[in-house]
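Add chain C to chain Y, keeping to what the hints say.
In order, the protein sequence lines correspond to chains Y and C.
Count the first sequence with our numbering and you get residues 1 to 160, in order.
Count the second sequence with our numbering and you get residues 1 to 207, in order.
Rather than coming from a laboratory, the hints here were simulated on the basis of the structure.
Among the clues, some could well be false.
What the hints assert, rightly or not - Derived contacts from chain C toward chain Y, CB cut-off under 10 Å, selection only:
no., residue
1, Ala11
2, Thr33
3, Leu41
4, Met76
5, Ile78
6, Thr128
7, Tyr133
8, Val141
Backbone N, C-alpha and C fix where the C-beta goes; we use that ideal spot for every residue, glycine too.
These are the residues of each chain, in order.
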Amino acid sequence: MSKFKKKKNSELPAVNTASLPDIVFMLLFFFMVATVMRDNTLMVTNSLPAANQIQKLDKKDRVMYIYAGKPSSRYKDKYGTQARIQLNDKFASVSEVAAFVLAERASKRQELQNVLTTALKIDGETNMGLITDIKQELRKVNALKINYTTRVGEYSQNID
Amino acid sequence: MARRASPEVNAGSMADIAFLLLIFFLVTTTIETDSGINRKLPPMDELIDPPIIKEKNIFTVVVNKYNQLLVEEKPMNISEIRQAAIEFLDNGGGKDAEECSYCKGNKDPASSDNPEKAIISLKNDRETSYKVYIAVQNELVAAYNELRNREFRSLYPNLGLTFVEANKRYSDPRSSSLEKKKLKPKIDILKAMYPQKLSEAEPSKTK
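With the rest of the complex left out, here is chain C:
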């Protein structure tokens, strides 16, 4: 017979190929982490004696069912709301004990006293689209973040971070505990300077 033994295929490089694939999968499988806007809902039990808040300390944003915005009773475009919110929060119109030393606003007496008192109230209709609602939320959070970034930069210039970056570092489970310990008081100070008082209104009781 003229049958010749066929030469054996060299399988020596099989391991290399398999390793290559393995490393490829290891690197490319990013475990998808969700991200979004964090909010805290108010507790259900109503305060018997709700604190009295001055009208000028409330910044009312209403989104109606046609997805139109009404800010402080004036119609507004979504792109302008961030600036309007910053002006309101940073106004610092308070006198004496309520004076805000770090605010850079217009000190308009008809607007908010100081950032600690300023409340943004966001109201929506049942037919408002969720997309637009999130866009408005995003812009309002952006206003807070922008102010916090500004103050963080001027208070801790040698860190080279913004507030958002510092906060991200802080909540990242991979950061070392030493770094977290250092960042924590700074973040807390900033959060106290511009507390995020964003109230999502209760559904109106009238049906």
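Next up, chain Y with everything else stripped away, as it sits in the complex:
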């Protein structure tokens, strides 16, 4: 019996968990900060049209984005109200699309360069003329896989 008593006396002190909250808070802040998803600041209005026959765009490293739409209210004075293209963080003209695609393609890994998809994030109010021009530019540089990015919804939402 004395054996047990001895042990009781030399009991290990409990592990100090006082720093546990700090560790957890650190993780928490990491997640809060790291989950900022959008990497481009939008300079155009971008209410996407609705569609329901859609496929997901997984694998973000294989996608490049082209935005288009009317300049948002902050930029209206400077750039007018005509629909424009946005590449990265700048407004661009149609002729710059090809160079953008080539630059994006060059920045990707070798094995992905042939499977890139161009996601066209275009405002619903845009005229097809601009989109046709973009498509022609994409064909010139052989970027043939495109995705008309939409939001989920019935087609009837597109018709006023």
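Relative to chain Y, chain C alone:
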């Protein structure tokens, strides 16, 4: 002095609160994935000798600058276009070698021979609104999907899936490779039965 040591605040539950927050953020941050209609553009270099396509195998859809639809030279409402496209694709009017064994259409000799030959040609004006264009695209893709779903169901009834669901499973990176391997040939067969021949016309050259 009557100063009493204030009792220390018990911080033991701090970790629990922090964990709760952490789990909340972990669960609620869905990494937003984009979705949309996938299309493949035709290559730039023009064919020197374009194949001759019979007029009856082409289903022409024109969206004009007032966002009105003209389907096979007749004005149409957007809600009717899905059914019209299905009737065209599923017509199966071909004879002998061009006969379509799985088509359930009217076998109208003035419409498409078989789904492999049927081409939908979508034309638009420069002033067409993108919204309406997408709505039309959506309905045309829906026509293909509806037919593919029907055939997928009747070919593989024990899977309990539609073509769209199977395709989604297949392209989902979380699905196991075994499942993908099983689905791949089935999807390919369906894609060959109703190939998506949807041509977005080139801009007309006349200015």
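Hint by hint, here is what the structure shows:
no.	hint	result
1	Ala11	holds, 7 Å
2	Thr33	holds, 6 Å
3	Leu41	holds, 4 Å
4	Met76	violated, 13 Å
5	Ile78	holds, 6 Å
6	Thr128	holds, 4 Å
7	Tyr133	holds, 6 Å
8	Val141	holds, 4 Å
Comparing the model with each earlier hint shows a violation of hint 4 alone; every other hint is respected.
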